[in-house]
Amino acid sequence: MEYFLQLLLGGLTRGSIYALIALGYTMVYGIIELINFAHGEIYMIGAFTALIMSSVLTLYGFNEVSIIVLSSLIALIYSSAYGFTVEKIAYKPLRGAPRLSPLISAIGMSIFLQNYVLLAQTSDFLPFPTLIPEFNFMKNYEHVFGSTELVIVVTTVLVMILLTILIKFTKIGRAMRATAQDKKMAMLVGINVNKIISVTFIIGSVMAAIGGILIASHIGQINFYIGFIAGIKAFTAAVLGGIGSIPGAVLGGFVLGWTESFATGYVSSDYEDVFAFALLVLILIFRPEGILGKSSSQKV
Amino acid sequence: MRTILEINKLSMDFGGLRALDNFDLKMNEGEIVALIGPNGAGKTTLFNCATGIYAPSGGDIFLSPEPDRKIRINSLKPNIITGKGMIRTFQNIRLFPNMTVLENVMIGRHCRTSSGILGAILRNDSTRKEESGIVDHSYKILEKIGLNHFVSELARNLPYGAQKKLEIARALATEPFLLLLDEPAAGLNARETKELDTLIAQIRDEEKISILLIEHDMKLVMSISDRIVVMDYGRKIAEGPPDEIRINPVVIKAYLGEEFVA
Amino acid sequence: MLNVSEMKKSLLVSIWFMFLTFPIMVIRVNPIEKIVEWRWGNMFLVGIGSFILSFIWRYFIRQKESGLKKVEMGEKIIPFFEKLRSGDSIYLRSLCMTLSCAAAVFPFVFSTYQTTIMTTVLMYVVLGLGLNIVVGLAGLLDLGYVAFYAVGAYSYALLNYHFGLGFWTVLPLGAVLGAFFGILLGFPVLRLRGDYLAIVTLGFGEIIRLVLENWNEFSFGPSGIANIPRPSFLGIQFSLQQATVYQYFLTIGLALCTIFVVNRLQDSRIGRAWIALREDETACQAMGVDKVRTKLRAFALGATWAGMVGVMFAAKTTFINPASFTFIESALILSIVVLGGMGSVPGVVIGACILILLPEYLRAFTEFRMLLFGAILVLMMVFRPQGIISNVRRTYELKGVPGRTLRD
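Chains as they are written, first to last, in numbering that gives the first Met the number 0: chain A, 0 to 299; chain B, 0 to 261; chain C, 0 to 407.
Some hints here could point you the wrong way.
Claimed, not checked - Simulated coverage check for chain C against chain A, where a stretch passes if three residues somewhere in it have a Cβ under 8 Å from a Cβ of chain A:
(1) 198-205
(2) 360-370
What the hints assert, rightly or not - Once the Cα atoms are required to be at most 25 Å apart in a straight line, the calculated PhoX-like pairs of lysine-lysine come out as:
(3) B:K69 <-> B:K235
(4) A:K194 <-> A:K87
(5) A:K194 <-> C:K7
(6) B:K83 <-> B:K128
(7) B:K139 <-> B:K193
(8) A:K182 <-> C:K8
(9) A:K183 <-> A:K170
(10) B:K143 <-> B:K76
(11) B:K252 <-> B:K207
(12) A:K87 <-> C:K8
(13) B:K25 <-> B:K83
(14) B:K25 <-> B:K235
(15) C:K8 <-> A:K194
(16) A:K183 <-> A:K91
(17) A:K91 <-> C:K8
(18) A:K87 <-> C:K290
(19) B:K235 <-> B:K218
(20) A:K167 <-> A:K194
(21) B:K69 <-> B:K207
(22) C:K63 <-> C:K7
(23) A:K91 <-> C:K7
(24) B:K252 <-> B:K235
(25) C:K290 <-> B:K83
(26) A:K194 <-> A:K170
(27) C:K63 <-> C:K8
(28) A:K183 <-> A:K194
(29) A:K194 <-> A:K182
(30) B:K143 <-> B:K25
(31) A:K182 <-> A:K87
(32) A:K182 <-> C:K63
(33) C:K8 <-> A:K183
(34) B:K76 <-> B:K8
(35) C:K290 <-> B:K76
(36) B:K207 <-> B:K143
(37) A:K91 <-> C:K290
(38) B:K207 <-> B:K193
(39) C:K63 <-> A:K194
(40) B:K25 <-> B:K139
Calculated directly from the structure, the hints in this document are not laboratory data.
Virtual Cβ for every residue (Gly too), placed ideally from N, Cα, C.
Generate coordinates for the entire structure from the input sequences, incorporating the hints supplied.
Laid out in structure tokens, this is it:
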């Protein structure tokens with residue numbers, strides 16, 4: 000029973016991270032119908048920036064709280080700057096090009112960013128500092144659910160709530176929804192579509208970076224390659240829930256997290272990644288519109 | 000005269016929106032029928048259901064290529080329906096832009112030919128024969144339509160009017176007995192519309208192909224159609240020969256609003 | 000062009016990139032020894048580099064836009080390759096002659112090492128042409144192409160290890176197995192939209208690699224399989240040097256065969272259906288082309304070549320392990336196709352030469368190889384999506400109608 004609980008909560012933690020990254024995929028897809036392959040790399044760059052900044056700040060003798068706050072904040076700023084720039088370089092010039100073009104460009108961007116970090120930093124795994132403090136009240140539950148896990152789940156829930164408010168109730172959220180529905184019409188009613196697309200990339204990148212920092216402090220080490228696998232898995236989560244749907248991405252994230260957690264716990268841990276990919280293939284074959292997605296018919 | 004297309008109580012729902020509502024239509028051999036109605040009346044949806052692009056929510060569609068055969072085509076794939084002899088053009092031109100004009104038409108021959116990978120690699124006698132048959136047949140169609148001076152041009156470099164014609168040529172290459180035209184005159188100038196008028200009549204008279212067309216150009220509709228079907232809100236609101244439709248109060252109301260009905 | 004506003008733009012770009020790359024390029028931490036290394040020189044380089052590049056970038060963007068306008072105005076832009084083709088065919092023919100002579104004497108003039116490199120290039124030519132069928136002609140983005148390559152390599156290694164089957168027996172088997180796996184994967188996923196296909200094939204490629212890595216009883220895990228025999232000729236075993244030359248000619252043979260087949264397929268009923276499907280799926284289906292079946296054919300055929308090259312690869316290196324079949328490999332093959340020109344046979348040949356030979360001979364590039372591939376994919380898509388040599392559609396000679404009346 001305790002093992003089961005451990006797997007359940009482990010899946011919840013994993014799922015939260017997937018959900019955070021999946022949101023970026025889903026939002027970008029919702030607006031420009033593109034799988035942003037470079038999204039996983041934004042998450043990786045977020046984690047790297049946090050690692051670098053916290054090391055620098057530690058060395059200059061900042062106190063613990065300011066290290067956490069400052070390095071996370073800088074990481075968020077940087078990853079959104081990367082997200083913004085990636086869109087401007089690799090996707091914006093390709094609006095209106097055949098569907099294959101931005102997809103190939105996205106793959107190229109992903110490979111480029113991976114190797115940029117590899118060359119400028121290192122190919123080794125770097126130990127990630129424990130940014131998240133240990134809470135005393137969690138001591139008794141540590142064997143199943145630690146402080147880090149708690150912070151991950153709580154942060155995810157908070158971010159989701161904020162995002163929902165942003166999209167449902169703010170002017171920019173309304174503009175985003177309008178752009179996702181019909182770019183031309185949105186433009187006609189005076190929405191600056193380019194700006195909205197940039198904002199979408201920035202919001203997606205911020206969430207990816209939050210995911211990156213959280214998972215890095217959970218696992219304790221990072222390298223340039225973490226974004227690639229996490230990216231595919233988060234995409235799986237987005238598809239699982241129904242791409243383009245925000246609650247779908249969250250649901251998909253949790254379903255994937257649990258699937259992985261239980262499969263590795265009860266079946267075999269060697270094939271951890273295989274389960275995720277197999278789930279992706281199965282969902283695409285049997286329910287390509289995802290759990291919450293509506294089956295869309297193409298416009299003719 | 001025998002019925003070649005029979006649509007019974009056809010319905011199509013998009014979420015809560017009912018684009019087609021118990022729609023009935025019959026087409027006889029050799030007829031030119033025009034489908035008119037305000038924008039959003041469900042005309043193109045009808046085409047999409049009939050050609051297998053959408054699966055209708057209810058009702059039946061029957062196609063009868065030969066006197067004693069009647070096939071239910073509701074859930075067949077688009078390519079199968081084309082194989083049975085019903086073909087359509089698209090409202091917003093959908094050619095293969097980076098293929099030549101001739102190749103565009105040659106694609107239409109795909110469903111009437113059969114050579115496979117092995118034939119393509121070996122290029123044996125039968126494949127070569129089939130291939131030259133495809134080229135000849137396609138070229139003849141282009142000649143008839145009047146596009147033969149464009150054969151080697153890429154489809155995307157063609158002027159708009161020629162692109163519209165090429166859509167029809169490509170459709171004819173599939174050897175249909177029933178041709179569905181989705182707004183063939185949209186965007187054409189007066190001279191081109193006149194040409195189209197002749198072309199449609201020619202297709203019916205010389206090729207023995209029946210035609211169902213969606214069109215907003217009333218002059219064209221009135222001059223070529225044997226029968227007009229008027230749609231509104233996914234339903235049929237009137238049907239009859241052009242002269243009747245012209246004075247039908249229901250139709251005038253649907254088009255111009257209440258106050259115009261005398 | 001070098002006016003103030005342009006300078007200002009570039010200056011802003013350069014400042015932006017200096018800011019952007021600051022943490023990653025400038026700071027390097029060593030968390031174990033707690034040392035921070037500041038590399039201000041890098042910031043300087045990024046600043047200068049992005050300042051210059053932004054000029055070049057804007058110049059090409061303007062070029063591209065004016066090119067688009069020209070097309071809209073009805074002006075024709077005749078691609079370089081077509082100029083070559085429509086020009087005197089003697090040039091083309093003599094070029095081909097020179098190339099084939101050079102290829103024939105190459106192994107006897109240059110060292111074994113050089114011959115091995117050329118063999119590698121030729122293998123990538125074949126892989127590129129195979130993927131070109133899938134991506135270039137049929138427009139299906141296959142990111143797991145390397146999986147079929149792995150299937151070929153492992154089928155030779157394993158069939159040889161367990162049953163002692165020789166190279167010539169396994170070569171066709173590898174092709175068949177490649178095609179089989181192509182259909183196995185293709186059948187369920189080809190109904191999907193294009194972008195889903197990309198990610199599923201990516202996942203499939205990873206699954207194959209992970210299985211090979213973890214299923215020790217089957218594939219001997221990460222340690223791989225060694226002592227795979229080189230190809231023999233009528234039972235004669237060669238010395239290492241002879242075997243290299245023999246392999247070189249075998250690969251040339253395969254490459255020529257592939258070029259021949261792809262050329263014929265392009266202008267066949269099936270080839271046209273692939274291109275039409277790439278251009279407009281809905282219209283293509285409405286014109287009577289069976290979508291799934293046509294895609295499946297492209298997928299299986301592409302996988303066939305990968306399977307065959309896989310067998311050759313195993314025979315060439317005599318040792319294989321899962322590390323040879325990572326996503327990087329798929330990305331490399333895709334870069335070859337994209338750089339050379341999607342759908343264009345000579346393009347793929349040139350693409351393979353550039354991307355394999357450049358890192359090989361310019362050692363400085365080796366380190367930046369992957370960075371380069373990524374950049375190539377993005378830049379080609381932005382500035383020249385048709386590749387170095389764009390695919391030219393065939394024109395047909397018709398009775399009484401000269402094939403290219405309108406081109407002149």
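Do the hints match the structure? See the list:
1. 198-205: Since three or more residues must qualify, the claim that chain A covers the segment 198-205 of chain C holds, with 6 doing so at under 8 Å.
2. 360-370: As far as the segment 360-370 of chain C goes, the hint holds, because 4 residues have Cβ atoms under 8 Å from chain A.
3. B:K69 <-> B:K235: This hinted pair holds, its Cα atoms lying about 24 Å apart.
4. A:K194 <-> A:K87: holds, 11 Å
5. A:K194 <-> C:K7: With a Cα-Cα distance of about 22 Å, the restraint between K194 of chain A and K7 of chain C holds, given a limit of 25 Å.
6. B:K83 <-> B:K128: holds, 24 Å
7. B:K139 <-> B:K193: holds, 22 Å
8. A:K182 <-> C:K8: Between K182 of chain A and K8 of chain C the Cα gap is close to 28 Å, so the pair fails against 25 Å, i.e. violated.
9. A:K183 <-> A:K170: holds, 18 Å
10. B:K143 <-> B:K76: Violated - the C-alpha atoms of K76 of chain B and K143 of chain B are around 30 Å apart, more than 25 Å.
11. B:K252 <-> B:K207: This hinted pair is violated, its Cα atoms lying about 36 Å apart.
12. A:K87 <-> C:K8: holds, 15 Å
13. B:K25 <-> B:K83: Status holds; Cα separation ~17 Å.
14. B:K25 <-> B:K235: Holds. K25 of chain B to K235 of chain B sits at ~12 Å (cutoff 25 Å).
15. C:K8 <-> A:K194: holds, 19 Å
16. A:K183 <-> A:K91: holds, 16 Å
17. A:K91 <-> C:K8: Answer holds: K91 of chain A to K8 of chain C is near 18 Å, not above 25 Å.
18. A:K87 <-> C:K290: Not OK: K87 of chain A and K290 of chain C at ~35 Å, beyond 25 Å, violated.
19. B:K235 <-> B:K218: holds, 21 Å
20. A:K167 <-> A:K194: holds, 18 Å
21. B:K69 <-> B:K207: holds, 19 Å
22. C:K63 <-> C:K7: holds, 22 Å
23. A:K91 <-> C:K7: holds, 22 Å
24. B:K252 <-> B:K235: holds, 14 Å
25. C:K290 <-> B:K83: Holds - the C-alpha atoms of K83 of chain B and K290 of chain C are around 17 Å apart, at most 25 Å.
26. A:K194 <-> A:K170: With Cα atoms ~13 Å apart, K194 of chain A and K170 of chain A stay inside 25 Å; holds.
27. C:K63 <-> C:K8: OK: K63 of chain C and K8 of chain C at ~19 Å, within 25 Å.
28. A:K183 <-> A:K194: holds, 14 Å
29. A:K194 <-> A:K182: Given that 25 Å is the threshold and the Cα spacing comes to 12 Å, the pair holds.
30. B:K143 <-> B:K25: violated, 29 Å
31. A:K182 <-> A:K87: Roughly 18 Å between the alpha carbons, so the hint for K182 of chain A and K87 of chain A holds.
32. A:K182 <-> C:K63: holds, 24 Å
33. C:K8 <-> A:K183: violated, 29 Å
34. B:K76 <-> B:K8: holds, 20 Å
35. C:K290 <-> B:K76: holds, 10 Å
36. B:K207 <-> B:K143: holds, 15 Å
37. A:K91 <-> C:K290: violated, 31 Å
38. B:K207 <-> B:K193: Cα-Cα ~21 Å, so holds.
39. C:K63 <-> A:K194: Judged against 25 Å, a Cα distance of about 23 Å means the pair holds.
40. B:K25 <-> B:K139: Roughly 32 Å separates the two Cα atoms, so the pair is violated.
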